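S.K.: Could you put the whole structure together from the sequences, leaning on the hints where they help?
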Amino acid sequence: MRMICLSVQFLAQYKGVRPLSLAGHVGFDSLPDQLVNKSICQGFCFNILCIGETGIGKSTLMDTLFNTNFENFESSHFEPQVKLRAQTYDLHESNVRLRLTVVNTVGFGDQMNKQESYQPVVDYIDRQFESFLQEELKIKRSLHNYHDSRVHACLYFISPSGHSLKSLDLVTMKKLDSKVNIIPVIAKADTISKSELHKFKIKIMSELVSNGVQIYQFPLDDETVAKVNTAMNGHLPFAVVGSTEEVSVGNKMVKARQYPWGVVQVENESHCDFVKLREMLICINMEDLREQTHTHHYELYRRCKLEEMGFQDTDPECKPVSLQQTYEAKRQEFLVELQKREDEMRQMFVQRVKLKESELKEDERELQSRFEQLKRLHADEKSALEEKKRLLDEDQSSFGKRRAAAQLLQAQSLTANGKKDKDRKKALICGAYWISLFAILYS
Amino acid sequence: MWTLQSCGSVLTLSINADLARPCTDLFGYVGIEAVLDQMRRKTIKAGLEFNIMVVGQSGLGKSTLVNTLFKSKVSRKSCTPNYEEKISKTVKLHSVSHVIEEKGVKMKLTVIDTPGFGDQINNDNCWEPIVKHVNEQYEKYLREELHINRKRRIPDSRVHCCIYFLPATGHRLRPIDVEFMKRLGKIVSIVPVIAKADTLTIEERQEFKEQIRQDLAANGIRVYPQKEYDEDPEERILNDRIRESIPFAVVGTDKEHQVNGNKVLGRKTKWGIIEVENVAHCEFANLRDLLIRSHLQDLKDVTHDIHYETYRVRRLNESNMNYSELGLSTWPLENKCESDSHL
Chain C
2 MRMICLSVQF
12 LAQYKGVRPL
22 SLAGHVGFDS
32 LPDQLVNKSI
42 CQGFCFNILC
52 IGETGIGKST
62 LMDTLFNTNF
72 ENFESSHFEP
82 QVKLRAQTYD
92 LHESNVRLRL
102 TVVNTVGFGD
112 QMNKQESYQP
122 VVDYIDRQFE
132 SFLQEELKIK
142 RSLHNYHDSR
152 VHACLYFISP
162 SGHSLKSLDL
172 VTMKKLDSKV
182 NIIPVIAKAD
192 TISKSELHKF
202 KIKIMSELVS
212 NGVQIYQFPL
222 DDETVAKVNT
232 AMNGHLPFAV
242 VGSTEEVSVG
252 NKMVKARQYP
262 WGVVQVENES
272 HCDFVKLREM
282 LICINMEDLR
292 EQTHTHHYEL
302 YRRCKLEEMG
312 FQDTDPECKP
322 VSLQQTYEAK
332 RQEFLVELQK
342 REDEMRQMFV
352 QRVKLKESEL
362 KEDERELQSR
372 FEQLKRLHAD
382 EKSALEEKKR
392 LLDEDQSSFG
402 KRRAAAQLLQ
412 AQSLTANGKK
422 DKDRKKALIC
432 GAYWISLFAI
442 LYS
Chain L
2 MWTLQSCGSV
12 LTLSINADLA
22 RPCTDLFGYV
32 GIEAVLDQMR
42 RKTIKAGLEF
52 NIMVVGQSGL
62 GKSTLVNTLF
72 KSKVSRKSCT
82 PNYEEKISKT
92 VKLHSVSHVI
102 EEKGVKMKLT
112 VIDTPGFGDQ
122 INNDNCWEPI
132 VKHVNEQYEK
142 YLREELHINR
152 KRRIPDSRVH
162 CCIYFLPATG
172 HRLRPIDVEF
182 MKRLGKIVSI
192 VPVIAKADTL
202 TIEERQEFKE
212 QIRQDLAANG
222 IRVYPQKEYD
232 EDPEERILND
242 RIRESIPFAV
252 VGTDKEHQVN
262 GNKVLGRKTK
272 WGIIEVENVA
282 HCEFANLRDL
292 LIRSHLQDLK
302 DVTHDIHYET
312 YRVRRLNESN
322 MNYSELGLST
332 WPLENKCESD
342 SHL
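Protein chains in written order, with the working numbering: chain C, 2 to 444; chain L, 2 to 344.
Among the clues, some could well be false.
Said to hold, decoys possible - Heads up, simulated BS3-like pairs for lysine-lysine below, C-alpha to C-alpha not over 27 Å straight-line:
id	chain 1	residue 1	chain 2	residue 2
1	L	K141	C	K306
2	C	K141	L	K141
3	L	K43	C	K228
4	C	K115	C	K84
5	L	K152	L	K46
6	C	K139	L	K133
7	L	K152	C	K331
8	C	K39	L	K43
9	C	K139	C	K39
10	C	K39	L	K104
11	L	K187	L	K93
12	L	K152	C	K141
13	C	K84	C	K175
14	C	K141	L	K187
15	C	K141	L	K183
16	C	K228	L	K104
17	C	K139	L	K152
18	C	K39	L	K152
19	L	K264	L	K74
20	C	K228	L	K46
21	L	K228	C	K141
22	L	K141	C	K331
23	C	K39	L	K187
24	L	K152	C	K306
25	L	K46	C	K277
26	C	K176	L	K152
27	C	K39	L	K46
28	L	K228	C	K39
29	L	K43	C	K277
30	C	K139	L	K141
31	C	K139	L	K187
Claimed, not checked - Computed footprint of chain L on chain C; a stretch qualifies when at least three of its residues, placed anywhere within it, have a C-beta under 8 Å from a C-beta of chain L:
id	segment
32	32-42
33	66-76
34	283-291
35	301-309
FYI, nobody ran anything at the bench for these hints, they're computed from the structure.
In this text, all values refer to a predicted model and were calculated from it rather than measured experimentally.
No residue lacks a Cβ here, since even glycine has one placed at the ideal position from N, Cα and C.
M.R.: This is the structure we're talking about:
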């Protein structure tokens, strides 16, 4: 009965195709195995984004979920802005290799003004979609080797106030619900009692519904898991407790948190919903989360992005427009714009050259005038010096003449007037004697 | 079914060739391997599409072979006495689709027949309609992929496999075979088979196959499984074994006979019954295993990842489409301005 129903669904896709019955075993039922083998060779990848306030237990929950010790840094409460930290790990279980990327928000909810807190998260998610879109639109692309970094699941940690959602939670979830699969969880659920928890969950779900937030619903279309998923949908949001420490309970070591009043066991379903979360997130719906991200959220992003760039499937008369036509039109536009900018730049360049040229000419003129000035100065000095030299030469020559004349005279007087000389000498000595006498008497 | 209790999991520390990422130990069972089951379920629910083309002269048993492969009346034989259509002047392609199901796995099988191929007196360019058809399917897929509003699942009509029928002459490849396979080998996965192999003895068959392999190598024709696309050593070993035994010598039939108390598919002749599924008689079982049981997914992957991508690159280059030139961001334009302003 079930097979026939499924066939009808499958057939509905193909109109006018008749079903055929097989007379024996053909063998294409091994296709799922072929596919699985190929995937095992390639490996899987999964990306989780954890949003929550600092200290709410995001890293601990990741450690507990994946039963391992990721490198964790304790963040301070004084971050000026919300940042995201992404870390990638390679996990290995039996023959399955999983490349897990855990993205944590750092400093979420710590700022005084939380209006823009959601923006870095939205930007991060968009960046991942963008890089995938870029890869898909490349001419030479390698999609089967591409490391998919798009966020597949977003765990939103609600703090266990017991009352209702904070407005920051509502705003953030509303911004993210069309971009990523949101799974809200109540963190540190060991601080709420069972009855409070029940009321809290109902309050949260009704607030989400009344604000139109679309959280991820576990899929109900596959019959093998529909029942489990429906039940789990009713338990949302999961109240979780994370712990990597082991405490002995009975005769086993279990992951738990030890308090003076008792031990909260993580994997005990009556203590918290951790097992449900692990089952839903990893064991049953991991593939569906990835598929939803690709076929729903990514397609939405792609459509919006391409429409923003001006591409359309149909032009105003509703005739199908090929991408090529739009592309050609855009390309022309782009080239025209490029040409315009080039012309502008050329003009600017020409102007600048002119300016520089005139400046340089100005400088040249100035320099020239200064040179002339200096030359004149130099010429003046030179002529002054020449004048002086001439005078000096004249003096020299006249002095030379007088000396020559004096010498001549001396020579003449020596030979003629020897006596005159003696008398003169005597007179001179007497004179000198009287002068010195007066000097001594009157000193 | 998936299991939740911690069955003894194997913890392995694998030395990652990609040393940039730490390989982390798991301390206990997490349940990651349940993703395999999830994939299986998804495939079974989604079903698959498979398109196979059969090319060869009329009378080589193409329809019979397809019917034997899929154990149902997929193609109608064109040479029954009641069939009145004349042999067409040009090669016309004729495709028929069926939905078949086995153990929950549903498949839409499309068989594309090529009546008239190689039947004319002048067979120049008889491959052109076929090449055109293959490229048309790629073009259709490309258009769908480039739409803004894409369908959730793009209908896949690309030819995943082309079975080329070689008549059992026992000598070597004929010019028409060489020309066809040269051209088609570049755009689609070709699986050559020797048709009506019950006319060859085992020795003749071996010689013929050897000769064909030499001819293929001499002409640079690449048939499926192509050597360049082997991804890891295991696959290479497996595919080498296959490459050593292609082309498969097949016999097709839809009649059953009794042999040693079992009902087997076979052709009854005066000198014995040729059991189609007996590996000692003919290589039909090898062909079936290759096409369906082991390499079905691989055929689809090679078509999608390699042949389609090649077509896409060629097509986008032809129309000079380069989206990053338009600037999905305006990065290239801004950078150009900055560098030019340092004048």
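S.K.: All hints are to be evaluated individually against the structure, with a verdict given for each.
M.R.: Consistency of the hints with the structure:
Straight-line distance between C-alpha atoms of K141(L) and K306(C) comes to about 23 Å, which keeps the hinted pair within the 27 Å bound. Under the criterion of a C-alpha separation no larger than 27 Å, the hint pairing K141(C) with K141(L) is consistent with the structure, at around 19 Å. Distance restraint check for K43(L) and K228(C): the Cα-Cα separation of roughly 17 Å lies within the 27 Å cut-off, and the hinted pair is therefore satisfied. A threshold of 27 Å between alpha carbons decides the hint, and for K115(C) with K84(C) the separation of about 13 Å falls inside it, so the pair holds.
In summary, the hint linking K152(L) to K46(L) is supported, as the alpha carbons are separated by about 18 Å, within the 27 Å threshold. Taken as a hint, the K139(C) and K133(L) pair is honoured in the structure, with Cα atoms around 25 Å apart against an allowance of 27 Å. For the hint pairing K152(L) with K331(C), the CA-to-CA distance comes to about 25 Å; that is within 27 Å, so the pair holds. Restraint check: the Cα-Cα separation between K39(C) and K43(L) comes to about 15 Å, which is no more than 27 Å; the hinted pair holds.
Distance hint between K139(C) and K39(C) is fulfilled; the C-alpha atoms sit about 25 Å from each other, no more than 27 Å. For the suggested pair K39(C) and K104(L), the alpha carbons sit about 21 Å apart, so the restraint of at most 27 Å is met. Restraint check for K187(L) and K93(L): satisfied, since their Cα atoms lie roughly 21 Å apart, inside the 27 Å limit. With a CA separation close to 23 Å, the supplied pair K152(L) and K141(C) stays within the 27 Å bound.
Under the criterion of a C-alpha separation no larger than 27 Å, the hint pairing K84(C) with K175(C) is consistent with the structure, at around 19 Å. Pair hint K141(C) plus K187(L) holds up; C-alpha atoms about 17 Å apart against a cutoff of 27 Å. Taken as a hint, the K141(C) and K183(L) pair is honoured in the structure, with Cα atoms around 24 Å apart against an allowance of 27 Å. In summary, the hint linking K228(C) to K104(L) is supported, as the alpha carbons are separated by about 22 Å, within the 27 Å threshold.
Between the alpha carbons of K139(C) and K152(L) the distance comes to roughly 20 Å, so the proposed pair stays at or under 27 Å and holds. Between the alpha carbons of K39(C) and K152(L) the distance comes to roughly 25 Å, so the proposed pair stays at or under 27 Å and holds. Among the hinted pairs, K264(L) with K74(L) is consistent with the structure: their alpha-carbon atoms are about 19 Å apart, no more than 27 Å. Distance check on the hinted pair: K228(C) and K46(L) sit about 17 Å apart at the alpha-carbon level, within 27 Å; holds.
For the suggested pair K228(L) and K141(C), the alpha carbons sit about 21 Å apart, so the restraint of at most 27 Å is met. A threshold of 27 Å between alpha carbons decides the hint, and for K141(L) with K331(C) the separation of about 23 Å falls inside it, so the pair holds. With a CA separation close to 24 Å, the supplied pair K39(C) and K187(L) stays within the 27 Å bound. Note on K152(L) and K306(C): the hinted pairing holds, with a Cα-Cα distance of about 17 Å set against a maximum of 27 Å.
With a C-alpha separation of about 25 Å, the suggested pair K46(L) and K277(C) falls inside the 27 Å cut-off, and the hint holds. As the CA atoms of K176(C) and K152(L) are separated by approximately 25 Å, the hinted pair is consistent with the 27 Å bound. With a C-alpha separation of about 18 Å, the suggested pair K39(C) and K46(L) falls inside the 27 Å cut-off, and the hint holds. For the hint linking K228(L) to K39(C), the alpha-carbon distance of about 18 Å falls within 27 Å, and the restraint holds.
Taken as a hint, the K43(L) and K277(C) pair is honoured in the structure, with Cα atoms around 21 Å apart against an allowance of 27 Å. For the proposed pair K139(C) and K141(L), the alpha carbon gap of about 19 Å is at most 27 Å, so the pair holds. Restraint check for K139(C) and K187(L): satisfied, since their Cα atoms lie roughly 22 Å apart, inside the 27 Å limit. For the segment 32-42 of chain C, the assignment as covered by chain L holds, since 10 residues bring a beta-carbon within under 8 Å of that chain's beta-carbons and 3 suffice.
Residue count for the segment 66-76 of chain C with a Cβ under 8 Å from a Cβ of chain L: 7. That meets the three needed, and the coverage hint holds. With a threshold of 8 Å between beta carbons, the proposed coverage of the segment 283-291 of chain C by chain L holds, since 7 of its residues qualify and at least three are required. With a cut-off of 8 Å between beta carbons, the segment 301-309 of chain C has 5 residues touching chain L; three or more are needed, and the interface restraint holds.
Hint compliance for this structure: every hint is met.
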